[in-house]
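Novice: Numbering-wise, UniProt numbering puts 174 at position 174 of the sequence shown, and it's gapless, one number per residue.
The set of hints was computed from the structure by calculation and includes no laboratory data.
Incorrect hints may appear among the rest.
Stated by the list, open to error - No farther apart than 25 Å at their CA atoms in a straight line, the calculated lysine-lysine pairs in the DSS-like style are these: (1) Lys122 x Lys105; (2) Lys105 x Lys229; (3) Lys217 x Lys146; (4) Lys14 x Lys89; (5) Lys217 x Lys239; (6) Lys89 x Lys123; (7) Lys122 x Lys176; (8) Lys89 x Lys180; (9) Lys146 x Lys209; (10) Lys176 x Lys14; (11) Lys239 x Lys229; (12) Lys229 x Lys109; (13) Lys109 x Lys122; (14) Lys49 x Lys89; (15) Lys105 x Lys180; (16) Lys109 x Lys123; (17) Lys49 x Lys14; (18) Lys198 x Lys209; (19) Lys109 x Lys146; (20) Lys348 x Lys239; (21) Lys109 x Lys176; (22) Lys229 x Lys348; (23) Lys122 x Lys180.
Claimed, not checked - Across the chosen pairs, the derived CB separations fall in these ranges: (24) Glu21 x Gln204: 32 to 38 Å; (25) Leu136 x Arg13: 14 to 20 Å; (26) Trp10 x Leu136: 18 to 24 Å; (27) His190 x Tyr346: 57 to 63 Å.
Even glycine gets a Cβ: it sits at the ideal position worked out from N, Cα and C.
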Amino acid sequence: MNNIYSLSEWDLRKLVNNLAEDNYIFLPVQCQQSEGGRSRWEFVRWDPKETRFQLNCRRTDALCFDFFFPPNNIMHTFPEGQPGDKEGKGLTLLGYKSCDIDALKVLDKAFEEGDLSYPFYKKRREETTIISVDCLEIADPCFCNKVGGQPYPESGFDLNISTLPHYGDMLIEVGKNSEKGHEIADRYGHLFSEATDKEVELRQAHRDKMMTEIEEKNSYFEISPELGKVPRDAPFWDKYATKNCYCTAYTLACPTSRTLQNFQEDEDGRSSIQDKVWDSATLKDINNELHSDDPTDSRIKEMFYDKFDRFHEEHGYYGCSGCGLCISTAGGSIDIRDVFADAGNYQKH
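Modelling step: build the complete structure from the supplied sequences, incorporating the hints.
Specialist: This is the structure:
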């Protein structure tokens, strides 16, 4: 069965409109901020009359897990019972990038298999259709290539869209093991045509170009499993200790962060509600969460060892997708890539 098809942007719009009959569809839109003149890619709900249809060139500035794990989510109520999503429309997310999918891979380990098992997360994951998109540009903070990724997804999607620069049509690939993807291709096959060899070659040429660009951008540092073994008292850590001791960029802005809190609230002594919420974590809390025995460690230091040592030892891959949100959110005060470079230089000497 062929998994790669060609379609025009107009037919893609038709596909989105058709899917919207049975799904809530969210896709990225470039929004202008009121201050600073900076624009952000944010997910908005698709409205065929009002939403401007555009495929995001790079990853969004929003966390990829917002849809699967809201900032505040009721887990249990008593005596009313356990709430769940009401039957109705499904959810389709258009515009995920390779780093978003890799981040979900990390969260799947935590919320489906680990100590933080979270059944609502798994339920939302199973009911959501992911339509990913190749990167058309490399954002400055991106370093997915250093953690085993690339600026285009190879798995983890139901459908993936590749825009071909200077070419009219685009390619849409059906995930090999995706039932939802194959169902969409079968149902709306009249919008697709089989991709030609030339189109597939054009896609590969652009992917190679993006890979070369990101490799050149990040050529000054390397990431390896040995990097997570650098001593905690290595001198280079001193210059980062005071920069971001209380910075939440490595907890709240990180798509692979797993710092959570459960709260139980009693109501008049007759009922209670248990919530699971995002938590940026106090220094004491984060040291407990990340199994540190040093209460003076900064967030970046603890997250470094959590993602590049402990998580890699347990699962065989890093607890980081290389999206660079921690860099852009920190406002330039700290760059995790500098930590990688310093750790690498320390090991060489």
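Novice: Can the suggested window of 57 to 63 Å be confirmed for the beta-carbon pair His190 and Tyr346?
Specialist: Check passed, 59 Å falls within 57 to 63 Å.
Novice: Between Lys217 and Lys239, is the straight-line Cα distance small enough, at 25 Å or below?
Specialist: holds, 24 Å
Novice: Does the structure keep Lys109 and Lys176 at a Cα separation of 25 Å or less?
Specialist: It holds: about 21 Å lies between the C-alpha atoms, which stays within 25 Å.
Novice: Between the alpha carbons of Lys109 and Lys122, is the straight-line distance 25 Å or under?
Specialist: holds, 11 Å
Novice: When you check the alpha-carbon spacing of Lys49 and Lys14, does it fall within 25 Å?
Specialist: Roughly 13 Å separates the two Cα atoms, so the pair holds.
Novice: Holds or violated: Lys49 with Lys89, Cα cutoff 25 Å?
Specialist: holds, 19 Å
Novice: Does Lys348 pair with Lys239 here, judged by a C-alpha cut-off of 25 Å?
Specialist: At roughly 19 Å apart (the allowed maximum being 25 Å), Lys239 and Lys348 satisfy the hint.
Novice: Sort out whether Lys123 lies within 25 Å of Lys89, counting only the CA atoms.
Specialist: holds, 14 Å
Novice: Is it true that the CA of Lys217 sits at most 25 Å from the CA of Lys146?
Specialist: Given that 25 Å is the threshold and the Cα spacing comes to 11 Å, the pair holds.
Novice: So if I understand the rule, the pair passes when the alpha-carbon distance is 25 Å or less; does Lys14 with Lys89 pass?
Specialist: Status holds; Cα separation ~18 Å.
Novice: Okay, Trp10 versus Leu136 on CB: inside 18 to 24 Å?
Specialist: Holds: the Cβ-Cβ distance is about 19 Å, inside 18 to 24 Å.
Novice: Hint check: Lys229 vs Lys348, CA-CA at most 25 Å. Holds or violated?
Specialist: Distance of about 13 Å is within 25 Å: holds.
In terms of the numbered hints stated before, the structure departs from none.
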